[in-house]
Each structure stands twice: as C-alpha cells, then as structure tokens.
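Protein chains in written order, with our numbering: chain H, 1 to 109; chain F, 110 to 222.
Bear in mind the hints are in silico, worked out from the structure with no lab data behind them.
Among the clues, some could well be false.
Here are the simulated distance ranges between beta carbons [unchecked claim]: (1) Ser28(H) <-> Gln159(F): 14 to 24 Å; (2) Arg61(H) <-> Gly125(F): 40 to 50 Å; (3) Gly206(F) <-> Gly54(H): 32 to 42 Å; (4) Ser18(H) <-> Thr210(F): 24 to 34 Å; (5) Lys79(H) <-> Gly125(F): 45 to 55 Å; (6) Leu222(F) <-> Lys42(H): 44 to 54 Å; (7) Leu222(F) <-> Ser52(H): 44 to 54 Å; (8) Glu177(F) <-> Lys79(H): 36 to 46 Å; (9) Leu148(F) <-> Glu81(H): 23 to 33 Å; (10) Ser52(H) <-> Thr122(F): 41 to 51 Å; (11) Lys68(H) <-> Gln189(F): 37 to 47 Å.
None of these values were measured; they are calculated from a predicted model.
Here a beta-carbon is modelled for each residue, glycine too, at the ideal position from N, C-alpha and C.
What follows is the residue order along each chain.
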Amino acid sequence: EDQVTQSPEALRLQEGESSSLNCSYTVSGLRGLFWYRQDPGKGPEFLFTLYSAGEEKEKERLKATLTKKESFLHITAPKPEDSATYLCAVYTGTYKYIFGTGTRLKVLA
Amino acid sequence: GAGVSQSPSNKVTEKGKDVELRCDPISGHTALYWYRQSLGQGLEFLIYFQGNSAPDKSGLPSDRFSAERTGGSVSTLTIQRTQQEDSAVYLCASSLGITDTQYFGPGTRLTVL
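Bound conformation, chain F alone (with noise of 0.2 Å):
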C-alpha cells in the first residue's frame, strides 16, 4: 500500500508567519511521530501520538509548536510565529506501535525567510 505522505514537499515563508504542516500515515499504524532534521543535525524528536494522544510532549521545542492528529489518522504540525531558527526539514513517521518499525515519508523543507 501506500507510505507516509507529508505536504507540503517545500514551503518558504516569512519570518513572523503561521504554517501548517501535514502527514499522512500508513493505513493502520496507531503511533505516529514527527522530527526536526537542521543541516549537518541528527533527527530532533518532536512529540509522539498513540491514537490521537500524545503522551509527552516535552519535544517540542517551543510553545509556538503545536500538533495534533484526529481520526487515529492524519497529524498537522503547526508552527506559529516563524523563526529563521525553525527553519529545517519536518518528518513525519508511522508505526504499529512504539517499539515497531518506523516508517518515514519524505519530509517537508521549511524554509524561513
């Protein structure tokens, strides 16, 4: 079946700026987590959902950063007020459960002007 899909592929706002990011899991997978890759960085974990909960959410490194996920399925990551900081690539995974295999999608390229 299909993968992880996330929209958009690339987005280039300006500082100060909301945006919204979506993934899509693979059909099935209760857990779903999202990731921050900077340049030359290692993957950042953000928050983590079982279902449409997310148990911790100490990830995310701001409270400009907000997430959810309805219907056991899609998750939005928003970011308001954008910093150049929070520029980087947003991946978004999928699994059966917490100690599964994960399953990336392609990631989306912020790009904050």
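So that you can see chain H by itself, here it is in the shape it has in the complex (with noise of 0.2 Å):
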C-alpha cells in the first residue's frame, strides 16, 4: 500500500537554528513529490515540487531534496514567520494525492 510518512510531528527552534523536515514514501512508481506549507485556518500553500532522485529546489530560507526513498525540506536560519505546519504529498500517477500527516513547526524569537 502507498505511503507518505513525515517527522518528527512536530519542531520547536530557536530563530536562527536550522533543521531539516523528513518525509519518507512507500509508492507503487513516484510522478511528483510535493511540500505545501498550511498556516492555522488556511489552506496549504505550495512550496515546491520535485520529480526525481537528486533534484533539489530552494526558495529563500528552504531547500528541497529527493532522494528515491525520502524528502528533506530544510529550513536555514529560520525565523517566526516560518513558523506553520509543512506538508509533503506524493503522486503517483492513479488520479490519487497520498499526504502525509505534516510537522507542526514553532520558531521561537
């Protein structure tokens, strides 16, 4: 069965200390990965995609990576605003989104 699986489930950072999101898949056959960010009461708002091993894309503080089993989103000097729940998604190619069930990420001043 696929699977999109993210940790931890939730971060708490201090402004400025960089750390990195995971979300490892189990899928049939992978067309696209996806990182969303979802602020409380807001739908998610998309961040990235990628679509095969060793691809990476960066907007400002973030920085996505694949691999054939994983994701990373990694968040460089961050700061409060950054602060919202990541999500990841797969699909694969069956009419189907698989999400994962998101970090909770808290940047502290």
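Two chains, two separate frames, one set of hints: put the complex together.
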C-alpha cells in the first residue's frame, strides 16, 4: 500500500537554528513529490515540486531535496514567520495524491 | 486573479441532515480536487475531476458522499445523512492539470452535532 510518513510530528526551533524535516514514502511509482505550507485556518500553500532523485529546489530559507526513498525540507536560519505546518504529498499517477500528516514547526524569537 | 473560493466557511448541522459544500476553482483550471482534513490528520484525498468527469470515485468514504462538477467550473460536494465522524475541514483545490501545482481554497469547517 502506498504510504507517506513525515517526521518529526512537531519541532520547536530557536530563531536562526537550522534543521530539516523528513518525508519518507513507499509508493509503487513516484510521479512527483510536493511540499506545502499550511497556516492555521487556511488551505495549504504550494512550496515545491520534485520529480526525480537528486533534484533540489530552493526558495528563500527553504531547500527541498529528493532521494529514491525520502525528501527533506531544509530550513536555514528560520524566523518566527516560518512557523507553520509543513505537508508533503506524492502523486503516483493513479488520480490520487497521498499526503503525510505534516510537521508542525514553531520558531521561537 | 481570484483564488479558489469555498462556501460556506463554516457549517454546523445536526446528525442525519444533508449538507452541500461549494467550490469555485480558479478560472481556466480543468483539474479540481476535494480533500478532507480531520483534526491532527493529514489531508485525505476524496475525488478528482478532470473537466466535469471524475475518473476515480474510490476515495469517497461512503455512498453518503457524492460530488459533481458542472460547466468545467463550480463543484459541489454533498454529504447525505451526516454523521459525527464527518466533522472535519473540507478543502478544495484546482490546477491546470493533474500534475500541476494545486491551489487550495480556505476550506469549509463542517461540524456535525
């Protein structure tokens, strides 16, 4: 069965303390891996799409990487405004997207 | 232009009543998705529309759930005979195609008493 697992469930960082969020997946065939940010009471907001192992994408303090088994979202020198839930999702070509349960990130000033 | 909109933003209903949730996608987006997000859970994929057609309805939790899309635009998710376990946030998203970036609406919070 296709599965997406995110870790840790929650993460507290001091402002400026870099860290990484993990998204591991077990799927029959990966057609794309997506990272989203979700603020409380809002819908997810798109961050990145990765299609093949070895691919990397960056945006401001965020960098996403992909291997054949997992993806990492690296956060460099985070700020309080980076506090949110970060979701990853995979698409396997079967009309369905499979989301992980997310990592709740809190960045303290 | 305008993003994805959903209505109502909040819905409180009594067990056994029917509810309709509406989604207005971004103009020109042919792909439309419905998800359910329960407290502390990830997004559960419900259904995908390409135009007015839904190739796979197997994500709908039960036969009490149905969805339609008309004119390649507005979509309605209907839940009949609501149960307390249906309480969740229902999210809609749209994209140009199924592998393109999905843009989410703000969601409808459904509470079944």
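Verification of the supplied hints:
no.	hint	result
1	Ser28(H) <-> Gln159(F): 14 to 24 Å	21 Å, holds
2	Arg61(H) <-> Gly125(F): 40 to 50 Å	49 Å, holds
3	Gly206(F) <-> Gly54(H): 32 to 42 Å	24 Å, violated
4	Ser18(H) <-> Thr210(F): 24 to 34 Å	27 Å, holds
5	Lys79(H) <-> Gly125(F): 45 to 55 Å	48 Å, holds
6	Leu222(F) <-> Lys42(H): 44 to 54 Å	25 Å, violated
7	Leu222(F) <-> Ser52(H): 44 to 54 Å	48 Å, holds
8	Glu177(F) <-> Lys79(H): 36 to 46 Å	43 Å, holds
9	Leu148(F) <-> Glu81(H): 23 to 33 Å	24 Å, holds
10	Ser52(H) <-> Thr122(F): 41 to 51 Å	45 Å, holds
11	Lys68(H) <-> Gln189(F): 37 to 47 Å	43 Å, holds
Going through the hint list in order, the structure does not satisfy hints 3, 6.
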